[in-house]
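Asker: Here is what each chain is made of, one letter per residue.
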Amino acid sequence: MPEPPLLSVRALTRSFYGVRALAGADFDVASGTITALIGPNGAGKTTAFQCLSGVVPPEGGRVLFAGRDITSWPPERISRAGLVRTFQIARGIPRLSVLENLLLYAKAQPGETMWSALIGGCRATARRARDRALAIARRLDLIGVANQPAGALSGGQKKLLEIGRALMAEPKLVLLDEPIAGVNPTLAERIAAHLESLRAEGITFLVIEHHMDIIARLCDPVIVMAEGRTLRTGSFSEIAADEAVQLAYLGMPA
Amino acid sequence: MLDYLASLAVFAGIYALLGLGLNLVWGLGGMVNLGLAGFFAIGAYASALSALHLHFPLVAASFFAMLLAAAAGALLAVVTARLKGDYLAIVTLGFAEVIQLIAGNEIWLTNGTDGLSAIPAPGRGTLSPLAFDLSSAGIVWLVLAAIAAAFGRLSAAPYGRVLRAIREDEMVARIAGKNVLSFKIGAFSASAAVMGLAGSLYAAYDGYVAPDSFDVLVTLLVVLALTAGGVGRMQGALVGAVLVVVLTEGTRFFGGLLPGLSALQVASLRQGVIGLFLLLLLRVKPDGLLPERIRVHPLDDEGETTR
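Listed in order, the protein sequences are those of chains B and C. Residue numbering for the first sequence follows the numbering used here, starting at 841 and increasing by one per position. Residue numbering for the second sequence follows the numbering used here, starting at 579 and increasing by one per position.
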């Protein structure tokens, strides 16, 4: 019997001011994959992320994650369950340092309750969180700016911090919203390599991206959305050869 | 002169307590709480009434004041959970006005605009006026030191980090797995408790509370104190409070320096001078005298986390 998918999305719907952004999207994300979510502008990709992460509640449909129905859960509960998203426009907390931004995402920190913050103690957990944050900062080449405010980072470093923060939360599945859009080709390659090695360590990714060459190399399978629905799912070469996909992107047969 | 200075120290300490309270909720949490005078009044009346009718000693009266103010703070936080910025400011300002109106009109409880007088305080009547002022200043500054230390810890702990994150981007804090509503309620009630404590000390020291003492000017002065001192940094609240009290009281002596002006003209000039000073200060130091700092962590694995 095959392993059930890590994430199942069924008949997801959501409208904004009468416009149907999601009109019944269905897709699965299998454990251990880097799955791409592509489609022309207005296909509903970002809305799907908003619904999956709990930022915007869906109007209909179901979201199953790691065997649990997480439909309409609040975002903090979804993150704690192991489904963590990043933001398309990097949203680092500008007046916290890079390290503090990472530490913010650490799970179950006793010093976050008023009482334990006053009493102190729990140094062991604090140290574990800090070591983890330092390790992630090193891995993503952010160690040199670890004590800089996140607001002072370059665009590429902000993208790396988005990924780092999600990793800090010990996720099973990370939703990446355009992780390499707008960064230079060298950094794009490095980000792709980071994702590949993180996948090898057991983290699953669902990625919205427009860079087709990176998707071709990195992602399998590829889910194509158009007009709020799932159009096709398959390997990149299958998708690229599909006439319906070409029609959706170009508006006419290629 | 010495008892005048001692009484200034008491007022500066009380303003500093209010400033610390505001700093937790506004400076760290980003919630513009202009209901300050309301919590101050709740604390003052709760303390005065329990001391007058139930003969609570100051410590018990102060705990009662903090409890009541914290409960009001929690309630206000729940009601305003979805409001931000200007909208939150307006609603909290309205809350303070409502409290002042209640204090002025529920005569059976508060004695209306006549106020409550002869509120007992430790040492009043038994000590000389000077000794009473000095011991009051000592009590207020001890309490202030304890609260400043506690809030400093909160600010440096992961707790403070989450509040700062909520200040800057609430949705990111939620994605980070934090229960934002419970943080808001906690910060609101802790800050309200400290404002209530300030009210209790004020009632005991002054011996008299009336609705006039809790008008919007109190809120305004504390907001100014925190802005001048440095929003987001606990020492900023202390420095700002002392500065504002020195400014408001120091300008009192202008009349003697400027002969030929009526008392009314001197009073107006005082307000103008205070305003001008703060404008200039914020022109030179836009983040206040002690701006918030980015926390620096050592980057080696062995180092302890320090400030």
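FYI, nobody ran anything at the bench for these hints, they're computed from the structure. There could be a bad hint or two in this list.
The calculated lysine to any residue pairs, modelled on SDA-like cross-linking and capped at a C-alpha distance of 20 Å, are [as the list claims (entries may be wrong)]:
id, chain 1, residue 1, chain 2, residue 2
1, B, LYS947, C, VAL750
2, B, LYS1012, C, VAL750
3, B, LYS947, C, ASN757
Across the chosen pairs, the derived CB separations fall in these ranges [unchecked claim]:
id, chain 1, residue 1, chain 2, residue 2, range
4, B, GLY1091, C, PRO876, 49 to 59 Å
5, C, LEU798, B, ASP909, 19 to 29 Å
6, C, ARG861, B, ARG967, 56 to 66 Å
For each residue, glycine too, the CB sits at the ideal point set by N, CA and C.
Asker: Compare the structure with each hint and give your call.
Answerer: A quick look at each hint next to the structure:
1. Taking the CA atoms of LYS947 of chain B and VAL750 of chain C, the gap is about 14 Å. The hint holds against a cut of 20 Å.
2. The straight-line distance between the Cα atoms of LYS1012 of chain B and VAL750 of chain C is roughly 19 Å, inside the 20 Å bound, and the hint therefore holds.
3. Annotation: proposed proximity of LYS947 of chain B to ASN757 of chain C holds, straight-line Cα distance about 12 Å (limit 20 Å).
4. Checked against the hint of 49 to 59 Å, the pair GLY1091 of chain B and PRO876 of chain C passes, with Cβ atoms roughly 56 Å apart.
5. As the Cβ distance of LEU798 of chain C to ASP909 of chain B is approximately 51 Å, the hint placing it in 19 to 29 Å is violated.
6. ARG861 of chain C and ARG967 of chain B have their C-beta atoms about 43 Å apart, which leaves the hinted 56 to 66 Å range violated.
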